[in-house]
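Q: Below, each chain spelled out in residue letters.
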Amino acid sequence: MFFGKREKRKLLYWFERRLHASPLIELALHKKVPVHKHSVWYYFGGISMLLLMVQFVTGILLMVYYVPELGSAHASILKINSSIEFGWFIRSLHSWGANLMILAVFVHFFSTYFMKAYRKPRELTWLSGVLLLVLCLGFGFTGYLLPWDEVSFFATKIGLDISSKTPFIGELVALMLRGGHNIGQATLSRFFAIHVAVLPVMLMGLLSLHLAIVQAHGMSAPKEFNETPEDKKEYEPFFPDFFLKDILVWILAGNLLFVLTMLCPWGIGPEADPFAPAPIGIKPEWYFLAMFQFLKLIPPMVGPMEGELFGVLLMGVYALALALVPLWDTGESEARSKLATALGVVTLLFMVIFSAWGAMS
Amino acid sequence: MSEEIDILDGEKKIGRATFVKTAMGGFAIMWGGLTLYPVFRYLCPDAKDEEDASSKIASLDIGKVTDFSPGSGKNFKFGSTPALIIRSQDGEFHAFKAVCTHLGCTVQYRKEKNSIWCACHGGAYDPNTGKNVAGPPPKPLLALKVEVVKERVIVSNA
Chain D
1 MFFGKREKRK LLYWFERRLH ASPLIELALH KKVPVHKHSV WYYFGGISML LLMVQFVTGI
61 LLMVYYVPEL GSAHASILKI NSSIEFGWFI RSLHSWGANL MILAVFVHFF STYFMKAYRK
121 PRELTWLSGV LLLVLCLGFG FTGYLLPWDE VSFFATKIGL DISSKTPFIG ELVALMLRGG
181 HNIGQATLSR FFAIHVAVLP VMLMGLLSLH LAIVQAHGMS APKEFNETPE DKKEYEPFFP
241 DFFLKDILVW ILAGNLLFVL TMLCPWGIGP EADPFAPAPI GIKPEWYFLA MFQFLKLIPP
301 MVGPMEGELF GVLLMGVYAL ALALVPLWDT GESEARSKLA TALGVVTLLF MVIFSAWGAM
361 S
Chain W
1 MSEEIDILDG EKKIGRATFV KTAMGGFAIM WGGLTLYPVF RYLCPDAKDE EDASSKIASL
61 DIGKVTDFSP GSGKNFKFGS TPALIIRSQD GEFHAFKAVC THLGCTVQYR KEKNSIWCAC
121 HGGAYDPNTG KNVAGPPPKP LLALKVEVVK ERVIVSNA
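Protein sequence lines, in the order shown, are assigned to chains D and W.
Residue numbering for the first sequence follows this note's numbering, beginning at 1 and increasing consecutively.
Residue numbering for the second sequence follows this note's numbering, beginning at 1 and increasing consecutively.
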């Protein structure tokens, strides 16, 4: 051994004097995880984070070859996909990883919602989580345009047109994002900057806050667990028990990602032509499908209001009600608790049914 | 307690602490505004750029009459906007800006249904008038003027 026991202790002491990390280590060693029949949902935050790391690494690798310029963007992705060694692999990991991450984030969202983990004192944990979900959708929306293929062009057109329907600020926001009245180089440059710099910085900040408050409050447990007498409650230590299981789950999630990447490498559509008609059968990514299908159903005019505006307002109010659930379901009223659960079930059913409908039509 | 000082001939008295706090707040807002305004202007799309790019045109020669068979449609570029020309079965020409009035996708002529159709959300328009007839579009398509001059098809702003 190069280091004896004494040297090791000395080294640790040296670091401890400089880092003052022992309270944190103490906290980590005492962190415990409630064991109950819904414990499985605890893994999804971790899975989302693993996939996020994959996105960071593959995203940086893609940036080495991707060119955010109108005439070269599509060609550079083609090059990554076809002639750069393992380019297809990195790109597919990024695309599949993005989709799996959004799926994991949605599972995490709904599991915390139904377990009512948003209640006091975790209101801010919930709100920061909702904002993180919005950022994830932002990543999806901006990243989708970068390959500059036919579908991405129209997806961006629709997305920005929808946001321009927002009362008062919509027009300005859409104009700033688009960089003009038509989608072009300005849009591509702006989306690129947002995708690779603005959103990652925001995400890192918000995620740090989210994780810090999760640590501060410990894991939330469902009502049945909280109502069990203290001596009958079962816990397991985070280190090493839960952490090892976490790693196992990460390996499983990673394997799923690799299998999908290998068996169905991500392709690319024909290059966008701003003057060609929208291709027949055009559809957005699956996580916008429910909204897409919903928009198809709204009549041109709802009363005196333009259908689009009505749809945007309706979805906005609905999303706000969900996001602010900790304010109106505090756990004091049984009726409101049931209302929150019902709203969650309706949302989930709406998303599943409308997405399937959208995918099939 | 902070000392009261006279401003405005003793009509209004504010404490020194209040004065300093207000002044600091005011400076902070001013400083923030001074910093953010250039950033906002920097990010605002340049109107001049857009005019160049849009290459405004009043009319466009899109080909010979014989290029368009009756009962067919063709998308083309009209300045900076996508446009669509349709030659109906009886040989008449109709042209529109091909921008769906719903969410701005580019529409196309569908021969088998004899209608103008938007693939994005399934909106449909009448191929002769551009009137919105089905799906979510709230308004008719913007019409363009078509003239046949010496066997050439000329499209211009209506």
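In case anyone wonders, no lab produced these hints; they're calculated from the structure.
Check before you lean on any hint, since a few could be wrong.
Unchecked claim - Derived pair list, reagent style SDA-like, types lysine to any residue, alpha-carbon separation capped at 20 Å:
hint	chain 1	residue 1	chain 2	residue 2
1	W	74	D	185
2	W	113	D	281
3	W	77	W	63
4	D	296	W	63
5	D	296	W	126
6	W	48	D	174
7	D	32	D	235
8	D	232	D	33
9	D	223	D	18
10	D	120	D	222
11	D	283	W	99
12	D	37	D	275
13	W	56	D	275
14	W	139	D	297
15	D	283	W	104
16	W	56	D	120
Unchecked claim - Far from chain D by the CB rule (all over 10 Å, computed), these chain W residues:
hint	residue
17	15
18	24
19	34
20	43
21	44
22	60
23	89
24	92
25	98
26	143
For glycine and all other residues, C-beta sits at the position ideal for the given N, C-alpha and C.
Q: For each hint, tell me whether it holds in the structure or not.
A: Hints versus structure:
no. : hint             : verdict
1   : 74/W with 185/D  : violated (26 Å)
2   : 113/W with 281/D : holds (16 Å)
3   : 77/W with 63/W   : holds (13 Å)
4   : 296/D with 63/W  : violated (36 Å)
5   : 296/D with 126/W : holds (19 Å)
6   : 48/W with 174/D  : holds (18 Å)
7   : 32/D with 235/D  : holds (6 Å)
8   : 232/D with 33/D  : holds (14 Å)
9   : 223/D with 18/D  : violated (42 Å)
10  : 120/D with 222/D : holds (13 Å)
11  : 283/D with 99/W  : holds (18 Å)
12  : 37/D with 275/D  : violated (55 Å)
13  : 56/W with 275/D  : holds (16 Å)
14  : 139/W with 297/D : holds (16 Å)
15  : 283/D with 104/W : holds (15 Å)
16  : 56/W with 120/D  : violated (59 Å)
17  : 15               : holds (35 Å)
18  : 24               : holds (26 Å)
19  : 34               : holds (20 Å)
20  : 43               : violated (6 Å)
21  : 44               : violated (7 Å)
22  : 60               : holds (13 Å)
23  : 89               : holds (21 Å)
24  : 92               : holds (21 Å)
25  : 98               : violated (7 Å)
26  : 143              : holds (18 Å)
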